[in-house]
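Engineer: Chains as they are written, first to last, in full-length UniProt numbering: chain F, 1 to 302; chain W, 1 to 302.
Since the hints were made in silico from the structure, they are not lab data. Some clues are possibly wrong.
Identical copies look the same in the list; a pair holds intra-copy or inter-copy alike.
[Stated by the list, open to error] List time: in silico BS3-like cross-link candidates among lysine-lysine, alpha-carbon distance up to 25 Å:
{"id": "1", "residue 1": "Lys170", "residue 2": "Lys16"}
{"id": "2", "residue 1": "Lys151", "residue 2": "Lys170"}
{"id": "3", "residue 1": "Lys199", "residue 2": "Lys222"}
{"id": "4", "residue 1": "Lys143", "residue 2": "Lys222"}
{"id": "5", "residue 1": "Lys278", "residue 2": "Lys249"}
{"id": "6", "residue 1": "Lys278", "residue 2": "Lys238"}
{"id": "7", "residue 1": "Lys151", "residue 2": "Lys76"}
{"id": "8", "residue 1": "Lys76", "residue 2": "Lys170"}
{"id": "9", "residue 1": "Lys99", "residue 2": "Lys170"}
{"id": "10", "residue 1": "Lys18", "residue 2": "Lys215"}
Quick caveat, the model's predicted, so the values are computed rather than measured.
There are 2 protein chains.
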Amino acid sequence: MTLIECVPNFSEGRDKSKVDQIKSAISAIPTVRILDVEMDSNHNRSVITFVCDDGKAVEAAFAGIKKAAELIDMDKHTGEHPRFGAADVIPFVPLDDTKMSRCVQLARELGKRVGDELNIPVFLYAEAATRPERADLAAIRNKSFQYEQLKGAIKEEKWKPDFGPSEVGKAGASIIGARDFLIAYNVNLNISDVEIGKKIASALRARDGGLTFVKALAFYLKDRNIVQISMNLTNFRKTPIYRAYELVKLEASRYGAYPIESEIVGLVPEQALIDAAKFYLQLNGFDEHNLIERKINENVSE
Amino acid sequence: MTLIECVPNFSEGRDKSKVDQIKSAISAIPTVRILDVEMDSNHNRSVITFVCDDGKAVEAAFAGIKKAAELIDMDKHTGEHPRFGAADVIPFVPLDDTKMSRCVQLARELGKRVGDELNIPVFLYAEAATRPERADLAAIRNKSFQYEQLKGAIKEEKWKPDFGPSEVGKAGASIIGARDFLIAYNVNLNISDVEIGKKIASALRARDGGLTFVKALAFYLKDRNIVQISMNLTNFRKTPIYRAYELVKLEASRYGAYPIESEIVGLVPEQALIDAAKFYLQLNGFDEHNLIERKINENVSE
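Just chain F, same shape as in the assembly (with noise of 0.2 Å):
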């Protein structure tokens, strides 16, 4: 059994019926595992994580985004995060030995069904992007490039869908690919001005100069009065995440700012979090083999 991680983004993160009705749509595949559902009011937008078996990662995408395709009307939709769609990100992620390319060609054949079935038009990004300038998703939809600009823009050349029509429906479009393992990290700031927090965010930023492998957005929090840096990492391993977080403090200080907490949204895998305290504590010769639970598993299967 090959392993494939989904991490489908839709655009509800007020209404739980809703977002429950979309999971039972997804758990209702066979071999699908829900490991996490996340939503966040501020952003208007929910996160569900699930794994299954590779042969049926298409069947639950697509189960996903036709039940949100049915409740979630982007005419109506507001909301803190850019979107192009109800079911606005979906990427299949492999785990184990499951290779990139595997990922890939189900996303490709997700992407067909969704246009075909659904007359969604999808775009395929990341790992499967049919252009270059389709492989970062923030190049395809952002702040000032979202559902409602797409409208006016699909019948550009350059707006061309990979699947469905040149017309957005109330169902918006959907951007389907395959990418490695991410890490959805906010660091919560004590100020409530957001100009600050984009200049935090631009410093941050791989485009802007910042920390290769981070994608970040500052996003006010309306409910807290506070300031959020929202960030993608998506190489853990290269950029780890204490590395973002003091990033973020440091940038913040010049205004008198600082973090007041931060959080992981949906997954993460344990090696970020030992990274961490790695680095913190200065565990320079540390070995993971020392953790005790590894070290029992390990010898179980001798």
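With the hints as your guide, set chain W onto chain F.
Structural biologist: Frame of chain F; chain W shown alone:
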């Protein structure tokens, strides 16, 4: 099967072949899995960590003690770490659902065998202690009261062993007991004055006004010309590693000293490092269920 962990400490940290022979004697017993072997030439001490079925724990520990007694002559032993005997300290630690009371029982069985069959005086300590003043290991043997001092004092009532003769032979005495999971944690400093190290160790030590659940000593590491604060964290859930590290750093700063690295000797539960990451990254709302490895395993067993 009830799993027991045993962490015997032997007074040999330089001659690998002797340590290997002791290890082989232990691992010859059925169900034994050697998890770790650490040797320290400055301390002239080694620590072997093993797990086994509770029905074999006494036999396995006895085999190690017997071999150590054959190979190690305490009259010839010198090293930084305080010691009573060839097999210096032998604790049993409950894992999973095993009860502490079972480990106490095993300690007593082992003590009796060692006293009767090897003629080695045995002192029960920690949870197995027969006198309140023997609960604390450092109160039994320490820098000012070791093998050499015990030879003269063992006829006194205060030093009447729990098992074995009131006589100290070349194998010295053994301290046997049951305790919770302990983390052996060292912080190496950028100074070579052990007197400063002793002040810092004093500031860490529970007994002298430091952190509860911390025992601390200062050592001079001759081969590196630096000072080491060597600690036992006896309840890492209550007194976490990071708190000990940060207090060493703080107390050292008074003298212009700082940590150059820290090290964990032997095994450590993942949770101890996860807790450190949560502290430093301010992951205040983090739920360990979001560690992907745990999530996948959770789901597998359902």
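Engineer: Look at each hint and say if it fits the structure.
Structural biologist: Going through the hints against the structure:
1. In this homomeric assembly, Lys170 and Lys16 come within 25 Å of each other (Cα to Cα) only inside a single copy, at 20 Å, whereas the closest approach across copies is 72 Å.
2. For a Cα distance limit of 25 Å, the shortest separation of Lys151 from Lys170 inside one copy, 10 Å, qualifies, whereas the shortest one across copies, 88 Å, does not.
3. Taking identical chains as interchangeable, the C-alpha atoms of Lys199 and Lys222 lie at most 25 Å apart only when both belong to the same chain, with a minimum of 19 Å there against 50 Å between chains.
4. When the C-alpha separation of Lys143 and Lys222 is checked against a cutoff of 25 Å, the pair qualifies only within one copy, where the shortest distance is 17 Å, while the shortest distance between copies is 60 Å.
5. Taking CA atoms no more than 25 Å apart as the test, Lys278 paired with Lys249 passes in both settings, with 19 Å inside one copy and 16 Å between copies.
6. For the identical chains of this complex, Lys278 and Lys238 are neighbours both inside a copy (15 Å) and across copies (20 Å), given an alpha-carbon limit of 25 Å.
7. Only within a single protomer do Lys151 and Lys76 lie at most 25 Å apart by alpha-carbon distance; the minimum there is 14 Å, versus 86 Å between protomers.
8. Taking the shortest alpha-carbon separations for Lys76 and Lys170, only the intra-copy value of 9 Å comes in at or below 25 Å, while the best inter-copy value is 85 Å.
9. Taking CA atoms no more than 25 Å apart as the test, Lys99 paired with Lys170 passes in neither setting, with 35 Å inside one copy and 60 Å between copies.
10. In this assembly of identical chains, Lys18 and Lys215 lie within 25 Å of each other by CA distance neither inside one copy nor across copies; the values are 29 Å within and 54 Å between.
The earlier numbered hints that this structure contradicts are 9, 10.
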